[in-house]
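As they're listed, the protein sequences go chains X and L. 1 is the number of the first residue of the first sequence in my numbering; add one for each residue after it. 175 is the number of the first residue of the second sequence in my numbering; add one for each residue after it.
Not one of these hints is a red herring.
Per the computed footprint, the stretches of chain L lying under chain X, defined by three or more beta-carbons under 8 Å from a beta-carbon of chain X, are:
#: 1; stretch: 790-801
#: 2; stretch: 833-839
#: 3; stretch: 854-867
In silico lysine-lysine, DSS-like type, Cα no more than 25 Å apart, as pairs:
#: 4; chain 1: X; residue 1: K58; chain 2: L; residue 2: K830
#: 5; chain 1: L; residue 1: K842; chain 2: X; residue 2: K80
#: 6; chain 1: X; residue 1: K80; chain 2: L; residue 2: K830
#: 7; chain 1: L; residue 1: K726; chain 2: L; residue 2: K624
#: 8; chain 1: X; residue 1: K58; chain 2: L; residue 2: K820
#: 9; chain 1: L; residue 1: K531; chain 2: X; residue 2: K80
#: 10; chain 1: X; residue 1: K58; chain 2: L; residue 2: K842
#: 11; chain 1: X; residue 1: K80; chain 2: L; residue 2: K490
Derived from the structure by calculation, the hints contain no laboratory data. Note that the structure is predicted; figures quoted are calculated from it, not measured. Virtual Cβ for every residue (Gly too), placed ideally from N, Cα, C.
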Amino acid sequence: MSEAKEIAISKQNVSSGGKNAIRTEKESEITKVLTFLIDEQVYGIEIPYIIEIIGVPKITRVPCFEIPDFIKGIINVRSKVVPVVNVRACFGKEEIEYDERACTIIVSHDNVSVGLIVDEVLDVLSVSEKHIAETPELNHVNNNKFIDYILEMNDGIKLVLDIQKLIFDHDVAY
Amino acid sequence: MAKVEPGMEAMLDTYLFESSTLLEQLDEILLRTEQAGSFTDEDINEIFRIMHTVKGSSAMMGFESLQKLAHKGEDMFFLIRENTNLPDTSFVYDLVFRMSDLFKAEIDLIQTEDDYVPTDFSNIIAELENGAAMLSGEAQAIENGTAPPVPGAGSQPAQPAKSFDKDCVTIRVIFEHGAEMENLRAFLLLNKIKEEADVLDCSPADVENNPETAAYIAEHGFRITFKAEDKENVFKTVENALNVESYEVVDNKTPEKEKAADSGVVEDSEHRVNAPQKKPAEKEPAAAAPPAAANAAAQHGGGSGKQSIISVNLVKLDQLHDIVGEIITTESMVISNPELDGLQLESFHKAARELRKLTDELQDTVMSIRMVPLSGPFQKMNRIVRDMKMKLGKDVDLVIEGETTEVDKSIVDNLNDPLMHLVRNCMDHGIEEHAEDRITRGKNTKGYIKLSAANASGEVIITVSDDGGGIDPEKVLDKAERNGMLTKPRNEYSEREAQNLITLPGFSTNEEVTEYSGRGVGMDVVKQNIEKCGGTVVVESKVGVGTSFIIKIPLTLAIIEGMEIEVGGTIFTIPISMIKQSFKVTSDQIIRDTQRGEMIMIRGVCYPIMRLHERFNIPSDVTNFEDGILLLVETENKSVCLFSDKLIGEQQVVVKPFPPYFGRYNIKAGGLSGCTIMGDGSIALIVDVANLIEN
Chain X
1 MSEAKEIAIS KQNVSSGGKN AIRTEKESEI TKVLTFLIDE QVYGIEIPYI IEIIGVPKIT
61 RVPCFEIPDF IKGIINVRSK VVPVVNVRAC FGKEEIEYDE RACTIIVSHD NVSVGLIVDE
121 VLDVLSVSEK HIAETPELNH VNNNKFIDYI LEMNDGIKLV LDIQKLIFDH DVAY
Chain L
175 MAKVEPGMEA MLDTYLFESS TLLEQLDEIL LRTEQAGSFT DEDINEIFRI MHTVKGSSAM
235 MGFESLQKLA HKGEDMFFLI RENTNLPDTS FVYDLVFRMS DLFKAEIDLI QTEDDYVPTD
295 FSNIIAELEN GAAMLSGEAQ AIENGTAPPV PGAGSQPAQP AKSFDKDCVT IRVIFEHGAE
355 MENLRAFLLL NKIKEEADVL DCSPADVENN PETAAYIAEH GFRITFKAED KENVFKTVEN
415 ALNVESYEVV DNKTPEKEKA ADSGVVEDSE HRVNAPQKKP AEKEPAAAAP PAAANAAAQH
475 GGGSGKQSII SVNLVKLDQL HDIVGEIITT ESMVISNPEL DGLQLESFHK AARELRKLTD
535 ELQDTVMSIR MVPLSGPFQK MNRIVRDMKM KLGKDVDLVI EGETTEVDKS IVDNLNDPLM
595 HLVRNCMDHG IEEHAEDRIT RGKNTKGYIK LSAANASGEV IITVSDDGGG IDPEKVLDKA
655 ERNGMLTKPR NEYSEREAQN LITLPGFSTN EEVTEYSGRG VGMDVVKQNI EKCGGTVVVE
715 SKVGVGTSFI IKIPLTLAII EGMEIEVGGT IFTIPISMIK QSFKVTSDQI IRDTQRGEMI
775 MIRGVCYPIM RLHERFNIPS DVTNFEDGIL LLVETENKSV CLFSDKLIGE QQVVVKPFPP
835 YFGRYNIKAG GLSGCTIMGD GSIALIVDVA NLIEN
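Let the sequences and hints guide you as you build the complete structure.
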């Protein structure tokens, strides 16, 4: 996988013209991003937020009418009780059954750990500044508010999520 | 002599450990403040708390000398706290450090010596008294606007002018050859003499702080000038002092000449005696303590630790606990791995059983490490009440309830001091001074203090209550006003708010400082310690009726005996203490009211039925009463029957709070107080019965 990625990056370097042309080839990597699939769209989360990736364990629903539907309940991650969020539901997309490719990405921010259920985990990408595209200001796609920035890779667009907003800004989720 | 009274041995280790930890803390603070050059209020309060606790627990263990010592130290800081901005507190450090060293030495002694004999601390106590007197003198001086007393008086006792009249005697003491540390010995001797006579002068003067004087003393002896009515008695003291080879009475008028005449030709030679040739074996048990203490104090830190209790960082215990949970989960993953299906694995299963046994044991042990019943701290109170009863002359009964309630170790650690202070408060301030007062108020002449603990709706509730005089809010407000503690106009304080003012640091309505209370530290310790474990203290009091201190501590890590039930695939745990009974019913026993409500009649009482699957909105196949089971649960004022799919069983569970992520949703009001991880790794939700019924 990593070999393929390297090829992909070098291809990108060759093919990148226009605004990236003036940048040097040895652009330093600024971060790594884990990419995953939700409803055929590739999203990413910066690696430093990620604690671990596990399958979808047995989820215990917390029955409380105040809790929004996309918070599926709590799971036991190595003796810690962690809440889980179904990212599909959080994005207002139709929920599907968890298959064997579905994963829970445990992220942590400000000492709050949350599990994110995604359709499929793809890859870890090294990201340098040249890959980062401007985030369009006014986009009426309803999940735009969770997006930190957009990566333009030669194999497609990746939307890197803002964990802070994804975890905490539920009141504006829909 | 036994070290402690029978029955107290079990607490000896704890006492030793606690005291040494506290003294270490004290040293730390002292070092820090000495470097900083001033005491902050917080430091003084902290020092105070330490001294107070050490004093209290020493008294409890029956180590009277240590208790006295701590009491004097406390007096010292009391003065400092009352009179901040003292110009010179440097000598206080010397004194307090020495006191702390002696204390530690004594604790080492208690620990290592089988035949422990209490050390006589009268010398250091005298010095502390002196220091305190100096301090109050100094404080007085500042108040009067005059200059403080001559600087440099230091820890030496106040010395009147050297008037060598007839009553004065100067002696020269020669220590045994090779006794070592002659200066310290001289100092100890000096202090001994001080008990019996007024010491006017000594030479060399700075034996206490200057080790170099040792050589001089070894060579030339130690000169003491004192004034005493009964000289012979003093001579006897000198004779019997340790390591004293001989002493001689020298002529006051010609000290210089005498010094030169080292040959031993002296006047009053009949007074020259040889110190009794004590055999080492003889003096060991009787008088080993003072030099041992001095040595230990001098080479502080050389003691060997023999504690059977160690303090472990709770974080490590948490980690341990988590790992055990993981092991159990992983174990069941290995043993019931689907890949093993259909294989003939006789020895594997045997080994697996062995493993299960061991992991169970491991889990039990780890749980038991953290969980301690409250009986320990509760039983300690018996002793306190007993002692105080005698000293205060109040007749009081202590009633203990619910001491088997188990709480996390960290909670118990923080409960010891608060309970001690609360019980002391009840004894000292709460219960009326005179039995007549009780009679006029229509109460039993015998006072009543109740100590109770219970698990209730996700909290451990500990109540210390008395049937004494209660807290007069007006008195509290008066005192608070005088001390400038009010934060809003006096008339805006409600009775309850006023009574809760007593938990502020430095507050005490007792006019006189007694051995037990009155310095206003107690309630402060209580509040701080309780807040440390996330709890609250509330004072409820009625004048003339009594006072209750109600401590509520969240059950974050507490263990509860729970009944596991299943509702639509979700496991719930209901605290067993809430369940009155569980029973099967048939539909025809159900009484239906006009609003779809269901009830059941048990023994002539009608109870409403709450279907848990409806309450929690969980789809369940079990909706017929015949298929499920009813649980009669009861809170203080309400009883309800809960309908669930089935009972799974009884289990001890460790209560975990919901992740902070859920903080914004009011889960508690929804009837859940927390969750727990069960042996197989799945999560059960703990039902908050009170909230479930109320909302």
